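Colleague: Just need the whole structure built from these sequences, with the hints factored in.
Taken in sequence, the protein lines are chains X and C. By the UniProt record's numbering, the letter at position 53 of the first sequence is numbered 53, and the numbering carries on one by one without gaps. By the UniProt record's numbering, the letter at position 84 of the second sequence is numbered 84, and the numbering carries on one by one without gaps.
Hints listed in this document are in silico derivations from the structure and should not be mistaken for laboratory results. This one's a predicted model, so the numbers in the text were calculated from it and none came from an experiment. Beta carbons are placed, not taken as given, at the ideal position from N, Cα and C, and that holds for glycine. Among the hints, erroneous ones may be present.
[Unchecked claim] Taking beta-carbon pairs under 10 Å as the criterion, some of the chain X residues facing chain C (in silico):
no. : residue
1   : Gly35
2   : Met88
3   : Asp95
4   : Ile162
5   : Arg164
6   : Thr165
7   : Ser176
The chain contents come next:
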Amino acid sequence: MDLAIFLVQLLNGLQYGLLLFLIASGLTLVFGVMGILNLAHGSMYMVGAYLAWYFFQGTESFLFSAVISAVIALMLGVLIERTLICRMYKRNHLDQVLLTIGMIFVFNALQSLLWGNDPLGVDVPDALSGSLHLTGVVEYPVYRIFVALFCVAIAAALYFVINRTRLGMLIRAGESNREMVECLGVDISRLYTIVFGAGVMLATIAGVVAAPMASIVPGMGEHVLISCFVVVVIGGMGSIKGALVGALLVGVVDTFASVVVPDVASMIVYILMAVILLIKPQGLFSN
Amino acid sequence: MFLTNKTEAWFFWVFFPLALLAPLFLEQNEFYVSKITTVVILAIFVMSLDYLIGRCGMVTLGHSMFYGLGGYLFVMLAPEYETVNFWVYTFYICVIAAAIALIVGVVVLRTSGIYMIMITLAIAQMCFYFFSDSIHWGGNDGLFIYIKPETSIFGLSFFDLDNVTHFYYFCLLSLFNCLVFFRMVLRSRFGRVMDAIRENPQRTTALGYNIFLFRLASYAMASALGAYAGYLFALQYGYVNPSMLSWQLSGTALVMSILGGMGTIYGAIMGTLVYEGLHYSLEHLTEHWLLLMGIFIIALVMLFKSGIAGFLESLLEKRS
Numbered sequence: 001m002d003l004a005i006f007l008v009q010l011l012n013g014l015q016y017g018l019l020l021f022l023i024a025s026g027l028t029l030v031f032g033v034m035g036i037l038n039l040a041h042g043s044m045y046m047v048g049a050y051l052a053w054y055f056f057q058g059t060e061s062f063l064f065s066a067v068i069s070a071v072i073a074l075m076l077g078v079l080i081e082r083t084l085i086c087r088m089y090k091r092n093h094l095d096q097v098l099l100t101i102g103m104i105f106v107f108n109a110l111q112s113l114l115w116g117n118d119p120l121g122v123d124v125p126d127a128l129s130g131s132l133h134l135t136g137v138v139e140y141p142v143y144r145i146f147v148a149l150f151c152v153a154i155a156a157a158l159y160f161v162i163n164r165t166r167l168g169m170l171i172r173a174g175e176s177n178r179e180m181v182e183c184l185g186v187d188i189s190r191l192y193t194i195v196f197g198a199g200v201m202l203a204t205i206a207g208v209v210a211a212p213m214a215s216i217v218p219g220m221g222e223h224v225l226i227s228c229f230v231v232v233v234i235g236g237m238g239s240i241k242g243a244l245v246g247a248l249l250v251g252v253v254d255t256f257a258s259v260v261v262p263d264v265a266s267m268i269v270y271i272l273m274a275v276i277l278l279i280k281p282q283g284l285f286s287n
Numbered sequence: 001m002f003l004t005n006k007t008e009a010w011f012f013w014v015f016f017p018l019a020l021l022a023p024l025f026l027e028q029n030e031f032y033v034s035k036i037t038t039v040v041i042l043a044i045f046v047m048s049l050d051y052l053i054g055r056c057g058m059v060t061l062g063h064s065m066f067y068g069l070g071g072y073l074f075v076m077l078a079p080e081y082e083t084v085n086f087w088v089y090t091f092y093i094c095v096i097a098a099a100i101a102l103i104v105g106v107v108v109l110r111t112s113g114i115y116m117i118m119i120t121l122a123i124a125q126m127c128f129y130f131f132s133d134s135i136h137w138g139g140n141d142g143l144f145i146y147i148k149p150e151t152s153i154f155g156l157s158f159f160d161l162d163n164v165t166h167f168y169y170f171c172l173l174s175l176f177n178c179l180v181f182f183r184m185v186l187r188s189r190f191g192r193v194m195d196a197i198r199e200n201p202q203r204t205t206a207l208g209y210n211i212f213l214f215r216l217a218s219y220a221m222a223s224a225l226g227a228y229a230g231y232l233f234a235l236q237y238g239y240v241n242p243s244m245l246s247w248q249l250s251g252t253a254l255v256m257s258i259l260g261g262m263g264t265i266y267g268a269i270m271g272t273l274v275y276e277g278l279h280y281s282l283e284h285l286t287e288h289w290l291l292l293m294g295i296f297i298i299a300l301v302m303l304f305k306s307g308i309a310g311f312l313e314s315l316l317e318k319r320s
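Modeller: Below is the structure:
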């Protein structure tokens, strides 16, 4: 493997990892703060991609469809939290798993009802459709670089919100001691609604930005959900920093595995996860 | 008797006679007989999951791995164009599945709760991709079983696997044996320790039990039975396919087990029957049955916490 190909693969890996981080951060945030394992998180990614396609058909403007998809996702997240998830806080993980499996069924059915089962695609927005020349012959699409930078920006924003704002302070407090936060007079249920809505929005935004890069197919949500599980298990459940490290690790390892050992590529990340769990059963960055 | 309470006895005396007579009611209709055979096989699988989750407190979302392995192991081990003995391969498959479960269990049982859910899921996915990406084991399409095994013991053959009705009765007998087996395990000293571990692992450790070994043994046992169910399924349809390993199957089995009443063992049969019955009728009602099924599952979690068995027990059992 020469240097140019290596660099391109590294970029691919980092970009895939950053996208995974965008999805996994929502999953780990919701678990860390609320103690809810949301199996339907992958479905939100799927919803994002389909919404982007739907609005792009109507408006031909990627930016507009991205914004409106994110807004709809936020509303959807708040609605789900207020009607279903809020009844699950005192129940065990098994009930949460069951509820969110039911939600996956509903989302998959709605997807096939509303948008059919054919693969769909969204065009890369014109402003980002070019390629960058890395070396003489090797090119890299601008849109992928944009996605990577966008994910970095979101990660930075998340870091800022959690570590530097009042809301972030409450989120961190809620992670370590729910009862105490409640005793201090904070409306914890409102905090939960915000966190869940934000988690859903993160997954949906990931779906929107991924839409021009991948084909939009039924079942895309489940596939990405499993990858996210690997990410958060490696990084440590509930840790945003762990999710970032885990996502980059999974992204790079998965990308290189499919080049170096294509036959067993899809197993490599799971083996990586098993090894890490053998050494640190709670993940790399667990509290 | 091995039955624990009135509800189970009631269920037992209603279900098994009806199940024995079912092929007569279905007027020898092969389609329906094979349909209920699949339900019975699935009930064995759900029962092993029910034991693992409800009685041992080990929540796994990767149980379908063993179901699939049961089928794939047969295809991998048995020569393609030779008739082999059913019992010999049953033994092989159960032993190998248990051995795999022991290895997987060492990793999985280091974790608990939410981590265990996710790591079992991930390991099952690893197995799923291994078979669906493999060129040698049929990839996405799976493999056919060209010659079904014969079932003689010392030269005496009691039934024929190709005969739909014979196979149905054999699966029903297997289900009955499973129920009796789990009842015996749960009544034994081993079962009592498992109950204690589920209720309070710390105290059980303090009593001097190595809870890791008990859990590992239970995991291996339930996995071997899960593999047995998968083996029966593969023999019934004559093929194996990666969808047998899919996480959707684990999820569905979980739903069935909870629907029936977690940890009641016999509830697994009711859960499977009701879920499959519902699935079948909704599928014929509308193309978008998945939507109704999803809503049903959500409603189940919200309203019906202890499953059908729990509901029946609250009606039939004397309040103490």
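Colleague: Taking the hints in turn, state whether each one holds.
Modeller: Hint check results:
Interface hint at Gly35 (chain X): satisfied, since its Cβ lies 9 Å from the closest Cβ of chain C, which is below the 10 Å cut-off. Hint on Met88 (chain X) holds. Least Cβ distance to chain C is approximately 8 Å, under the 10 Å limit. Hint status for Asp95 (chain X): holds, given a least beta-carbon distance of 5 Å to chain C, under 10 Å. With 10 Å as the threshold, the beta carbon of Ile162 (chain X) stays out of range of chain C, its nearest partner Cβ sitting at about 21 Å, so the hint is violated.
Nearest Cβ of chain C to the Cβ of Arg164 (chain X): about 29 Å, over the 10 Å cut. The hint is violated. Hint status for Thr165 (chain X): violated, given a least beta-carbon distance of 28 Å to chain C, over 10 Å. For Ser176 (chain X), the interface hint is violated, since its Cβ never comes within 10 Å of a Cβ in chain C; the closest pair sits about 17 Å apart.
The earlier numbered hints that this structure contradicts are 4, 5, 6 and 7.
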